[in-house]
Every structure is written in C-alpha cells, then in structure tokens.
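Here is what each chain is made of, one letter per residue.
Number of protein chains: 4
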Amino acid sequence: MNKITILIHCKDRRNIIATITNFIAEKGGNIVYIDQHVDREQNIFFMRLESEFIVDGFSTDIFKEAFETHLATKFEMKWRIYSTAIKPKMALFVSKYDHCLYDLLGRYNSGELNLEIPFIISNHNDLKPIADSFNIPFYHIPVTKDTKVEAENKQLELLEKHQINFIVLARYMQIISEKLIKKYPNKIINIHHSFLPAFVGAKPYHSAYKRGVKIIGATSHYVTEELDAGPIIDQGVARVSHTHSIEDLIAKGRDLEKIVLANAVKLHTNRKVMVFNNKTVIFS
Amino acid sequence: MNKITILIHCKDRRNIIATITNFIAEKGGNIVYIDQHVDREQNIFFMRLESEFIVDGFSTDIFKEAFETHLATKFEMKWRIYSTAIKPKMALFVSKYDHCLYDLLGRYNSGELNLEIPFIISNHNDLKPIADSFNIPFYHIPVTKDTKVEAENKQLELLEKHQINFIVLARYMQIISEKLIKKYPNKIINIHHSFLPAFVGAKPYHSAYKRGVKIIGATSHYVTEELDAGPIIDQGVARVSHTHSIEDLIAKGRDLEKIVLANAVKLHTNRKVMVFNNKTVIFS
Amino acid sequence: MNKITILIHCKDRRNIIATITNFIAEKGGNIVYIDQHVDREQNIFFMRLESEFIVDGFSTDIFKEAFETHLATKFEMKWRIYSTAIKPKMALFVSKYDHCLYDLLGRYNSGELNLEIPFIISNHNDLKPIADSFNIPFYHIPVTKDTKVEAENKQLELLEKHQINFIVLARYMQIISEKLIKKYPNKIINIHHSFLPAFVGAKPYHSAYKRGVKIIGATSHYVTEELDAGPIIDQGVARVSHTHSIEDLIAKGRDLEKIVLANAVKLHTNRKVMVFNNKTVIFS
Amino acid sequence: MNKITILIHCKDRRNIIATITNFIAEKGGNIVYIDQHVDREQNIFFMRLESEFIVDGFSTDIFKEAFETHLATKFEMKWRIYSTAIKPKMALFVSKYDHCLYDLLGRYNSGELNLEIPFIISNHNDLKPIADSFNIPFYHIPVTKDTKVEAENKQLELLEKHQINFIVLARYMQIISEKLIKKYPNKIINIHHSFLPAFVGAKPYHSAYKRGVKIIGATSHYVTEELDAGPIIDQGVARVSHTHSIEDLIAKGRDLEKIVLANAVKLHTNRKVMVFNNKTVIFS
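Chains as they are written, first to last, in our numbering: chain A, -12 to 271; chain B, -12 to 271; chain C, -12 to 271; chain D, -12 to 271.
Check the hints yourself; a few may be wrong.
Stated by the list, open to error - DSS-like mimics (lysine-lysine), calculated; alpha carbons at most 30 Å apart, straight line: (1) B:Lys61 x A:Lys14; (2) D:Lys266 x B:Lys239; (3) D:Lys190 x D:Lys266.
Hints were generated in silico from the structure; no laboratory data involved.
Build out the structure end to end from the sequences listed, making use of the hints.
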C-alpha cells in the first residue's frame, strides 16, 4: 500500500475541490482524508489530502510529475507531496536547558513522534550525558562572536550530510543566521517563552513579572529573519498570580514550553502545517 | 446564488470522496467547504459539504431527489440537505433561572445566532418580563404531576404550529417525555451543569462540592431517553478551590452554562453536528 | 454584628503580622479572614483582614481613628477600612456595545454583585432601552471633540452627586481624561479586548488576526494615564484557529470580555484588590 | 536561622487567629506567611503558618512540646510542624510507563523539587535504565497473586529502612493494600488518568472515548481504601474531539498526568495540603 500526503495552496476558484479529487481518482488514488480552508481576505485556497494507491508499481515520483504537469501548473499551485513511508529527519539544537530535550526524547522513545533524530547539536557540552543515555550522537559546536561563521558552517555540513528535513531549537539560546534560515524556510521551529507578540526578545518571564500579567504563555513558531515574528504554530498559557516569583514563572513556563514545542513538532512532522503570509493554517 | 449544506454518513468505502464531489460538480455545484471524518472503529464515513449553485432555476428539492436517487440509495447513505437561506426555528424552554435566557437572547439580538425564536415556553411566569423586553411571545404552561400530559400536548401543539426545528432547554427543570424526544430526535439540546459523565442528575454542584473536585464543568448534549446520557455536543470547565462555597460553584457554573449552551446552539444551527452511536462528530 | 475589611500595605518588618492581629484582638475584634503577601523584590508587606466586632456601640470611624493613631502611623502603613454593611456605588459607562452591559446587569439582578448601580452614562442613546428594562437611570452625555470638557464636567457632577465609589467602562469607547483618572485613582476599571501587553490600543482583534495568534484574550485593568498600561486585575483567554475570521474573533472575544470584566468588578467590590507599583495583589 | 511550617485544624472559635499569632510571637517567632480557611459547613478552622526564629538555641522539638502543651491541647487542635531545613523523602513506585518517571526525575534534577528520592520500586524491570541514568537505586519487586504479601513486606522494609515520608505512584499499576495505606495515611499520592469522579477504575481513556466526551482529564489524589475515591489534590484537563482515537487520548493524557502529578508532589512537599473529611484544603 502506498500512501501520500498532498498539501496545496493556490488562488481560490470554482470547482477546485472537484478538480483535485477527480485527478486523484483518475490516477487510482483513494482519498482517505481531505480538509480545506479558504482565506477569504486573500482569496487563497488551501488543501490537505491523504490518498492511498493500491495500483501495482505506484511511484510517488511519477505521481508528482503528473501532478505538476496536469494540475499544478494549470492552477498555479504551490504544492508538496510526501510519502508517508518516509520519516522526516529532525536536527535538535540545544544549549544548557534540558527540559525540552528530555521531553522530546521521552516522546521519541515512547514512539509518540513519527520522525528520526540523526543528531543533537549544542554550543555547550552540558547536555551530552542526556544525548548519550538516549543513544543519539551529540555534536558540541561552541559559538563565540569570533567563531560564529565557522560554527555555522559546521552545522550546515552536519545538516546536509544527514539530509536533515527540519530543525528544532529546543531552547537553543543563539540567534540563527540569515543563511541558515534561507536554507530551511519554514523548517526551523523555535519555542519562545512568552505569549507572542507580547514580550518579544530576551527574558520574557522577567518582563511578564514586571507587567503583572495574570496569564503567561509559550509560543512555537517558524524562525524568520525578524526576531520572534515568524508564523505561529501553537501557543499555550497558564494562570499565574502575585504570589509567583520570577523563578515560579520560569518553572511554570517550562511545562508550557515542553508541550507547545512538542505539539509544533508533531504538527510539522504530520504535514499538518501550511504557511502563507506569515501565518499558519493548521489542519486537524 | 443558492447555497446548500450537505451532511452524509455511510459505510466507508473506496472512492467515496471523489464520487460525492464528482456528483456535485456534475449538477453544477461549486464546493466551497468540505470536511470529512472516518470512525475507524465502526468503519463509518462522515462528510459535511457546502456547495453553491449558480445555475438558473436551481431547486433544492429537485437536487435532493437527484441526490437520493443517484447517490444516497446506492451507497446506503443517511443524509440531510439544508438550504442556507432558511433559518432554523428554535423553541426556548425555560423555568426560573434567567442567565441562559438572557445570554441567548443577547446573542440573538446582536445577530450572533443564525436562527429564529418564534416563542419561549415556561412552566413558570417569572421570566415573562425578559421575553417581553426582547419582544418574543411567551407561553406559560404550568407542569404538575396531574397536568403533565396536558401540558405536553400544549407544547407539542405550539411546536407544530410554528414548525419548530429544534428545542433548547435553557435550564428547563422538567424531565422531557419519551413522546417529545421521539418527535425531535437529536433536536432537543440540554445544558447539564456538570462535567458529564460525572454528577449525572440533580444538584451536581452540591455533589461536586462534596467530592472536593478542583475543576467544575458544564455539558451541552442532545436529550435522549436515558437521563444526561445523550450525545455530548460541547463541554466547558473552570478551576475551583476549597475556598468556593456551593453558592460560588453555582455562580461560576452559570458562566460555563451560558457559553457551553450557546456553543451548542451555534454548532447545531450551522449544521456542524452529526450524531452516530450516541456520540457527535463536530465539524469545524 | 459589625464587620469590617482592612487592607494594609507597608514596608515588611519583624512581627508585623502578630502586631496587627494583636491590635485587633485588643479592640475586641474577632479576625475571621486573614491573608497576606510579601513582595520580596520591593520588601513590601500586604495584608487583608476581615474582622467582626460584637462590642456594643462599635463605630467604624472610631476604630479607624485608633488604627491610624496607634498602628498605621507607627508602621507607615497605607490602609483602607471598609464596613461590609455598605455597598459600593458603581457608575457604568457604556457606548454602543451591549454585551458587557447585559452581562453586568444580569448578574446585578440575580444578586451576584454586592454593589449599587445609581446610573449608567453613555455617549450614545442606543442602550437606553436596556437600562430602562432594568430600571436604572440612563444619562446620555454625547462626546465630541468640541464638547469633551463640558461632557466630562457633566459626568463629574453626576459622579459626585451620587457619591460614586468606582467606575466601570463596559466597552466605553472614549479616552478618559487625566482629570477623571486623578479623581478616581485605581477606581476606574476598563476591559481591554486583548491579552495585554499584546495589542495595545484600537482594533486588537484585527491585529490578532493579522499576527495569526492561536489564542486571544481580554484584560481588565485599572485606568491610568498611559493607555492600556494600568494594573492588570484579571485576564482570560480562548483558543482560536485559522478558520476564525475577524468577526469570529470579535464574537469569541465578547464572551471573554464579559467574564473578565465581571471578575474584576467582583474582586474590586469585595475589596480583594491592592495596587502597588502598577501591579495588583489579588487576595483569594 | 530556623524556619518552621505549622499546619493546624480545629473547631473554629473566636480569637483563634490572634491566639495563635500571639503564641508564636511570645516564643520569639516572626511569622512570614499566614493563610487560613474556615469550612463554614463543618465549622472547622484551618491554618498554615511559616515562622522564623532567630533565637539562639532554638529547637523545633522543644517548640513542638510547648505548642502541644500550651496551645494545641486547649483548643483540641490537630497539628503538624515541620522544619523547612529537612527535605521529605519520597519513594517512587512505577510499573512500565515511563512518562511520569522521566518527568519527575527531570524536575528533581533541575532542582524544582524540594525532596529526596532514596529509591524507586517497580514490579517490572523495564524502567531500571532510567533510574540508572539518574543514579537512583532501583528495586525490582515483582508482584503476582501468590507473592503479593511477600512483595509488600519487602516494600515496607525498604520504606522503613529509608525513613520514607511519602509515596508517589507514578502510574504504578497495582492496587495498594490496606496495610500500606494505613501506615501512610494521606501520604500516598496516585495519579488517575481521568477527570474524577468520572471514569473510576481501569481503562478510563477507553471509557472517555466511548462516551464521546469533549474534554479529558487527570486527577492526583491521596490513596484511600476505596478505589480512586481519596481526597483530590489537583486536576487538569485538555480538549479533545471526534478526530482523536483512543491512542490520541492516551498520548494527550500523558501530558496531563505528568503535570498534575508533579503539582501534587510539589504541593505535598511544600506542606500546602491539608486533608479533612476526604477533601483537601490547598494553601497558596
């Protein structure tokens, strides 16, 4: 059984749904999941399909070619097609905080995540024992002002060598360069420890404490060149009160960060996220 | 422009999605919304479509006939088709509590609800002034042990005379009879003031207080013959603590009840709810 | 039975709790509620007490005098003492939106709010029928650029004449002047329709839609001279998705606004809020 | 500096607060935290205090004696006094599920938990590597119908030898015997994977799926002899929909279980929980 996931967006037009479902049926595909969204402001049509092909000798590549030639070009579609047999490869970037790392590796171990983790990169050596205990290669690539370019080249080399599909910044405390962002557009997931767009930048829990908010949050988003301004994938919140110190907010925040980042990883891996106009469409 | 909403469920089978979308395209319909769900345990396929027809002389009735003959019969579908031009008619049953009544009428007035309210029925006269201030006819039908059958007949007469499509029990404190339930299957919406299935029956806030729960809830559901056991449409929750008295729980619960009941009314009215096997599929 | 509520804040120091409780005991008071908080950063002590006095001829005024002379001066306390027998008087300012007005008046009617509403002020006449149906005097005071000062004087006159204790802006769409704010410091409650500090100012739902947030919020706060920057009393949030239009956000937001504003009114009325350093301490 | 935490409950009576604070002041204690609650139904007074003593040669044991003699006996108080210098000792019981174990050990490592973990007990050997990687002794004590009594004796021996103060069942899938419960009354914390009192007993996610609830929950509670009926410490909830399979509910539930169990452990460890009448008072 061959199963593929198709993501499409294009200008909305009459009969677009029937046209697509027809095309797939003609190619011998049985649609097992269909969801769509129309952005009425921009007049953009978004669709996600899962389709099974029981035809002998089915090839995802040949299907892609046909899709491009007979459908996508005509309707000026942006599209992606994935074979569900292939697990995406995720690189984990960490620094010194261990809570998101433990959380993701725990989920990975339990089979909750449909992906591979070829390696972990860190600018510090502190979390190596955790990587070791989960038997995942750990590369220590220190980053200083002087070695930033060199460090990034080492990162890129590893990413390419292992054919990494997307990157997760699990509280990696370094700014990602334009070069890396351009190479992995909407493929670098960050967890920001505030309810964006409130408290952009450094030390958001300190700012939240100072402002006296009654709810704190965490936000997972794709990294773009503007700091903390990329498309939001998921957000979570928790109630706080005047009794909470900054340390309490940080501790409560850790729970939010773990869950919100894990949700983003799962949505991305299951091809549930489309990005348009710096916003996400999240299919169910 | 004619616009219809189609709800279908049937046994899942190959090509069911393409078959349906094709049929609609052939009849000149442009699908503007499609969502589907498969219950893998029961192997049941559910679908909701919205389709526009710009063909001259389009008739929903003729389309229904064609749908029945050429599609539904063949695939043994259960289906419903609604013209979006026609607003459903809702009868409101209340007793002495006014919070859900105020809330629904406030939303109705602000244009938030896509429905008509031909009348309000109550077994008490207390809330008549509210009905008056919103200019909605109010029928006082007292219910005692001796007059229960007679009262119900009066209710049925009003429901039929006004061609009511569905009934909302906005804290109507009477048990609904089998006769009425059978006449309006999955068309009577109740708000129960607990997080079902916890605290079925009378005085759930008292039970919640006694058990010392840290979260209370409210549940909107379709009324079935078994008390508080019908298909759940929506639920809401709120945190409570040892500092809350039973009166506090009741006050907090009122906010939950209002929102959870209003959500159910909106979902029902927008044809977003399908029922199967005493559970709901809620389309987005 | 005489019952008073005491709110105190001062520099933290040894034995402050025992000193206060002792003083009250000496005066014949039985403390039935005590809660305290220390802001460790600023070294400020906050306390809220409820005390009953069964002594004959108890006078709140005489107690206040003794409290000031023998306790407050010595410890440089800021304090407020309220007799629980006296209900605070709230002025409601509204504009054209009715949802918060309906909500507050509904709660008022049901006995949920421990306050009096001597009148409603609006810059438009639209909501007068609602005020009428609840039998509350309604003053239409139009506000234009040219009449702003005159309108405010009329407002002040009414506020003084009725000995108003605090003002609630129930989606009153006008900027409050410095003069009024200074006259009612931390006594004007506003509901802002965003999760502050995100989306300060006008049209926050539009901004939230544009940013693509996955959670929206509402914030009740005391009005200070800086727009939407006053001490936060309560916040609420609700999940949203790409399927929600701006209108959907506005409708969902209405439910948040109602609850978050009502919470603030209840906390303020029950003397549960203390303000320090532009933040609130909210006692339970 | 000596710091103690005092927990008291007794029949409510006049001047109880002033009497207690006076007593502590007389003994040279500076109260730095005070919170109290009165159960109006049962007329029971609850209090939690933290007090610092800078007197030379302060002894918690001598203070306890004085407290008992001069205060507790007179007012028929139930009381507990803890030196904050002493970390409680927690025994972890696990089975095959690793998520709560990873979560608690991660928090333990990060310094979030104010306790010691002398050992982990499991009826299976599966989680030993995790215990090893955190350098915590792991005892494999298999439990079968025939060896139940013997296994329990081994458990008790370990608990006593290590002077364990409380036990956490981190998804330990065995019924705890009356003997153990009586030895550790309100000192055995369980995490139940449902929103109690809904779905008591085995396989709650299956029951939740079958009932079609829209919100699932988790509950941490003290173990009593009646299954899943002990005093509730904390509860958490998460929204679900018809799209979630039982496996999805289980995965979502894991996140709830981790947080709700960790909250209970922190509340218990920080002496924030009092139990009365099968309910908890949770101080802030």
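The hints, checked one at a time:
Between lysine 61 (chain B) and lysine 14 (chain A), the direct Cα distance comes to roughly 23 Å. Compliance with the 30 Å bound is thereby established for this hinted pair. For a cut-off of 30 Å, the pair hint linking lysine 266 (chain D) to lysine 239 (chain B) stands: about 20 Å separates their Cα positions. Our distance criterion of 30 Å between C-alpha atoms is met by lysine 190 (chain D) and lysine 266 (chain D), whose separation comes to about 25 Å.
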